[in-house]
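Colleague: When you get a sec, could you build the whole thing from the sequences and use the hints?
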Amino acid sequence: MFFDSCCCDKQPSETGEPPDLNDEFNHQDQSDHETPPGTGERGGILHLFDQVAESIGDKVTHVVLNVDHVAESIGDKVTQAVQNVSGGVLDSLHLDEKFKTMADSVLDQIAPKAGELSIDEAQKFIPAFKKLDQATARDFDGEATEACTTKILGYRQKIHDFCEDVSEDVADCLTGHTSDPTTGIFRCLYRVVSWIMRACKEGVQAAVELLKKVIPDCVEPCCFSCLGLEGKVVGWVTATFNKVVDILEVVIQEALRSVGVPDWICDKVDFNGNASADHAQDEDEPAKARKAREVAAEAAPSQVSFEAVCS
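In my numbering, the protein residues as written are 1 to 311.
Hints were generated in silico from the structure; no laboratory data involved. Each hint should be verified, as a subset may be incorrect.
Under the rule of at most 27 Å between Cα atoms (straight-line distance), these lysine-lysine pairs were calculated in the DSSO-like manner [claimed, not checked]:
1) 158 <-> 98
2) 131 <-> 232
3) 124 <-> 243
4) 232 <-> 213
Computed Cβ-Cβ distance ranges for the label pairs, DEER-style [what the hints assert, rightly or not]:
5) 175 <-> 250: 33 to 39 Å
6) 291 <-> 182: 20 to 26 Å
7) 143 <-> 291: 38 to 44 Å
8) 150 <-> 242: 18 to 24 Å
Beta carbons are placed, not taken as given, at the ideal position from N, Cα and C, and that holds for glycine.
Modeller: The structure is reproduced here in C-alpha cells:
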C-alpha cells in the first residue's frame, strides 16, 4: 500500500514511464491563451485615455468654432461700422449732388464750344471750306453746333447716374485692400469725366458729319477718293477733340470748386491717364441700375413659379 501510494504520487518521469506528450501540448496551449498579468488593467487605462482625449478634442473644436463665430461677428460689425461712417461722411459732403452740378455746368459750357471748335478746325482739313459754306443757303454752322450740343447733352442723365456711385466706390475701398476714401472718390470722378469726354467726342463727330456736307454731292465721291478727304476727316475729329480735352480739365476743376468740393479733393485731381473717352464703354453700368437689374432677376424666378402654380 505504501508502495502503491508512493508510486501514484510520483510523476510519470519519476516512475520511469514516458511522459504524455498530449499533456505537455495541452499545458503549453493553455499558457499561450492566458492573459499576461496586468494586460487587462493596461487596456482599460488606454481606453480611458482615448475617451478623455476624444472629449478634450470635442471641447477644443467647440471652442475654436465659437472663436471663429465671434471673430466673424466682430468683423461684420466692424465692416458695418465703417460703411456707416463712410456713408455719414459722404452724406455730409453731398458729393453725389456736387458731382451732378459740376457735370451739368461742364456739359452746358462745353457742348456749344465743341461745335464752334469743329467749325474753326474745318478750314484746315477741307480746302475752300469757307467759300463752300458761304456759297450754300443752308446754315451748316448752326446745324453742326446744334447737333453737337444735342449729342453731348443727351448723356446728361447717364452721367448723373454715375455721379451717384460715389458712395458705393468709397465703401468698396474702405472694406477692401485700401482704407483711403479718396481712392473711391477719384474712381467715381474719373468715371464721370470719362463719360463727359465720350459725350464730347461723339458731339464733335456729329458736328463734323454735318459740316462736311458743304461739299456738293456731285463732287463728294471724287473729293474723298482723289483728295484723301476721308483720312482728313478723321484728323479733323481728332484735332478738334484734343482741343476740347485741353479745355475740359480746367473747366472741370473750376466747376468742382464752384460747387464747394473741398480743395483736398480738387488739388489731387489728375486726368492724365486716369480719364479717357475710351474708358467709357457701352457695357458700363451705374450701381443703381445694376442693383435694380439684380433685384429684378432675383424676383423673376419666384414670379414664374407663382404663375405656374396659379395656372
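Colleague: Evaluate each hint against the coordinates.
Modeller: Cross-check of the supplied hints:
no., hint, in the structure
1, 158 <-> 98, "holds (16 Å)"
2, 131 <-> 232, "holds (18 Å)"
3, 124 <-> 243, "holds (14 Å)"
4, 232 <-> 213, "holds (14 Å)"
5, 175 <-> 250: 33 to 39 Å, "holds (35 Å)"
6, 291 <-> 182: 20 to 26 Å, "holds (24 Å)"
7, 143 <-> 291: 38 to 44 Å, "holds (40 Å)"
8, 150 <-> 242: 18 to 24 Å, "holds (22 Å)"
Checked against the numbered hints above, the structure violates none of them.
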